[in-house]
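Chemist: Put together the whole structure using the sequences plus the hints.
Number of protein chains: 2
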Amino acid sequence: MNAGISNRDLMMTLGQAARTAARMLALAPAEQKNQALMAMAAKIRRSTADILSENRRDLENARARELKGSFLDRLTLDEARLDAMARGLEEIAALPDPVGQVMAAWTRPNGLAISRVRVPIGVIGIIYESRPNVTADAGGLCLKSGNAAILRGGSDSFHSSAAIVSCLQRGLDIAGLPRTVIQMVPNAERDCVGLMLEGLGGTIDLIVPRGGKSLVARVQQDARVPVFSHLEGICHVYVDKAADTEMAQRVVLNAKMRRTGICGAAETILIDRAAADRNLKPIIATLIDAGCEVRGDEACRAADPRVKPATEEDWSTEYLDAIVAMKLVDGVDEAMAHIAAYGSQHTDAIITGDAATAARFLNEVDSAIVLHNASTQFADGGEFGFGAEIGIATGKLHARGPVGVEQLTTFKYQVRGAGQTRP
Amino acid sequence: MNAGISNRDLMMTLGQAARTAARMLALAPAEQKNQALMAMAAKIRRSTADILSENRRDLENARARELKGSFLDRLTLDEARLDAMARGLEEIAALPDPVGQVMAAWTRPNGLAISRVRVPIGVIGIIYESRPNVTADAGGLCLKSGNAAILRGGSDSFHSSAAIVSCLQRGLDIAGLPRTVIQMVPNAERDCVGLMLEGLGGTIDLIVPRGGKSLVARVQQDARVPVFSHLEGICHVYVDKAADTEMAQRVVLNAKMRRTGICGAAETILIDRAAADRNLKPIIATLIDAGCEVRGDEACRAADPRVKPATEEDWSTEYLDAIVAMKLVDGVDEAMAHIAAYGSQHTDAIITGDAATAARFLNEVDSAIVLHNASTQFADGGEFGFGAEIGIATGKLHARGPVGVEQLTTFKYQVRGAGQTRP
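Residue numbers (our numbering), protein chains in the order written: chain A, 7 to 429; chain B, 7 to 429.
Since the hints were made in silico from the structure, they are not lab data. Remember, it's a predicted structure, so these values are computed and weren't measured experimentally. Take these hints with a grain of salt, some might be off.
Estimated spans, in silico, between C-beta atoms of each pair [claimed, not checked]:
1. A:Gly218 - B:Gly106: 34 to 40 Å
2. A:Phe77 - B:Thr113: 38 to 44 Å
3. A:Ala90 - B:Ala424: 26 to 32 Å
4. B:Ser76 - A:Ala347: 48 to 54 Å
Every residue, glycine too, gets a C-beta built ideally from N, C-alpha and C.
Modeler: Next comes the structure, spelled out in C-alpha cells:
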C-alpha cells in the first residue's frame, strides 16, 4: 500500500469507479456483454498455467498456516476446475439477457402508455470465502445482468482470485467494456469488508454474501445496504400417511444424502403417525444403511435400536453432514406447525398421494421453495432452469429462492405520452 | 398503562399477535377480505358522528398546543373526508386480489412443474404523521394484500385514529377475520416507534413510513428491517430543442403548479440551449403568470427580469411550493448529467418531438418513473391504474415507483413432482 492512502480512500475510489462503470454497462447491448463473457472463458483456458501457479502460492501460504483439509480442498484449483469455470461463463453467455425486457405494458384511458422495463440494480458487492471459483461465477452473473461487481474473496485465496480477475478484465477489454465493471478489493485487510457493508458512500446497491453461517450472520448484522442471503437451510421432508413408501424412501434418501453439505439438504424428517407402522422402519433403515446417523424421538428409537436420541437442539440444527433428525407428527397440521417453529423458510417438501393435503402444504408452508413428491436437493438455480445462480435468498423482498440473472435486476416505469397533463 | 407492563412487552405482544393473524389472513379467500373491506366502509359511514367527536378531541388538544394551520388542516376530518375514506375502502375491495396469482409456471425436462405464486409479505408496520385518513388507507391496502398491519399514527391524531381502527376491526369481526389483522400501537409514546424499527423481535417484515422528510429520514436511518419509502422527489422536466413550445408550456405548468406539495411536482426545469430563443421566454412567462417564483441562471434572468438568481442549493432543493429552479443545458446529455447529479431517482420527464432523443432519456435516466411528453404529476398509483397506493418507493429493490397492493406481496416457488430425486 502507498503511504498516505487509507483503505477508506482506496475503497471509496473503487466504489465511484464501479458506479460510473455501472452507468455505462446498463446501456451495453447483449452481444457486447456476451462477447466479454466468451472472451473471459477463452482467457481463463489460455491462462491455466498462470492461474494454477498463483493458486500454488495461496496453497503454500495456507499450508504454512496449518489450515485444514476441507478448507484446502475448496481453495485448490486444477485443470478440470478451471475448465468448469470457463464453461460456467459460456453458459451465462447463452442465457437470455434480462435487461430491457418489458415485464408489463398497458395504456391508460388518457392515452399514457406505461411499460415496466427490467434494468440492472447498479453496483453489487460480493463477499465470499476462499473459494476462487466464486470469483468467475459472481463476476459473470453481475456482468450479464448489467451490474458492476466489487468482489471481496477470502484473504487466503487472494492470489488465485487476482489471477482470475485479470482474465475477467481482459475479457472486458476485448469487448470494449471498462475494466471497472468487475473490480476486486485490492488488499486482503479486514476493514475493507466493513467499508463495503456501509455501502461505500452510497455507491453499493446490494451485498451478496456467499459462505458459511458466521460470514452471512456478520453481513446480515452489519450491512447498511440490502442483502440477498440465507443464513441456514433447515429443510424438512414430511412423509404423509398417504405417501407411497417406496417413493418416500427414495426421496428422503436423496434429500438427505445426495450431498450433505449443501443448503438444500434435508435436516429433519417428519413422519405421519397414522402410517408410521408402514413407513418408519424402511425409511430409518434406508438412511442408516447409507451411512446416515439418525437421531429420533422415542417412537423412532422403538422402531430401530440403531436410532440415537434426539434432543430439543436437533430440531433447529443444520447438520450439513450425514446426520438427520426424525420424529412422528400427527398429520400435516403438526408437520406444518413444526416447520413454522423450527424451519428457516428455505425449502420444505411433502411426500403424499393425497392432492388436497399436498395443496395445503404448498399453500401454507411459508418457505421460499415448497415441493410435493420431490427432493429438497432441487433447491438450486440450475435445477430451476435459471442457469447459474449467485445463491439462494430466504429474505422475502425482491429475491426469494435461487438468485439468477433475472433476480439481479430491478425495473423502472417508462411512460410515453402526447402532452398529457394531470387534471 | 398498567403498572409493570413495559412498552417493550406491550409491543412484543402486538407483534406476536400480528404474526399469528398474518398466517391466518394469508389463507383467507378474496371474498372474505372484500367482505371485511365493505363492512369497514359501511361502519365508517354509520360512525360519522362518533369519529368526528373523537376528531374534535384531537383538534382541541392540538389547538391548545398552538399547532399551526396546515397541520390542523391535515388533522381535521369532516363528513366529506369520511365519505372519501369509506369510498377508498370500497375501491380497494374492487381491485383484483394479488394473492395466489401465478406469476410464472414452467415444467423442467425431468417433469418437475414449478410455479412462482404471489403470497403476502407478512406483517407490515406503517408509521405516519397526524393524518387520520392514512389509517383507513393503510389498513385496507394491507388487508387486501393479505398482510397484517401495525399502525402507528402521529400522537396528535390518536383519538381519531383509534375511532377509525375500531371501525376497521368491526369489519374484520363481521367477515370472521381476527381483529389482530389491523392493530394500532396502543399509546402515543415515542419509544414504540423505535421498537417497531427494530422489527419487534423479528415479527415485522417491512416498514412503510408516510410523511415528511424528517420522519422518513429517521426511519431510513434507524430501521433494522426493509423500508419502502422515498425521501424526496426532486423531479425534473427537460425541454429538448425538438419540443413543441405549446406542449412544453402546458406540461411544465402542470408538472410544477397543479399541486405544488406532492412528491411528483417538478422542482427543476432544464431548457435545451439550442432552442432557448423559442422556448425560454414563454415557459418563464407561463410559470410567473400562474404565481410561480422562478429562480434561474443568467440566461433565464436575461430572458425575463422577473427571474430571481438561482444558487447551487436550488438544484438540490425540493421546494414543495410555488417556486421552481430553471437553467439552460447543452442538449440531452447535459440534462441527463444534471439529473444524475442532483435528482432523487423519483420521476423525471422529457418534452421532445424527437423519438431517438426520447428513447435515450427513457433508457438512460435512472429514476423509478421516466416520462416522455407527459407531466411528472402522473407519478401516482391511481394514475398508473394500481388503485390506491401506500406511497412511492425510490429504493431499487422489490418496490419501485407507486406501491399498490401488488407491490405489497412477495412470492414463493411451488414445485410439483412425481418422486423426482436429484442425480
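Chemist: How does the Cβ-Cβ distance of Ser76 (chain B) and Ala347 (chain A) compare with 48 to 54 Å: does it lie in that range?
Modeler: Holds - the Cβ-Cβ distance for Ser76 (chain B) and Ala347 (chain A), about 49 Å, lies within 48 to 54 Å.
Chemist: A range of 34 to 40 Å was offered for this pair. Does it hold for the Cβ distance of Gly218 (chain A) and Gly106 (chain B)?
Modeler: holds (36 Å)
Chemist: Does the Cβ pair Phe77 (chain A), Thr113 (chain B) satisfy 38 to 44 Å?
Modeler: Distance hint for Phe77 (chain A), Thr113 (chain B) holds at roughly 40 Å.
Chemist: Ala90 (chain A) and Ala424 (chain B), beta-carbon distance inside 26 to 32 Å?
Modeler: The hint (26 to 32 Å, Cβ to Cβ) holds, given that Ala90 (chain A) and Ala424 (chain B) are roughly 31 Å apart.
In this structure, none of the earlier numbered hints is contradicted; all agree with it.
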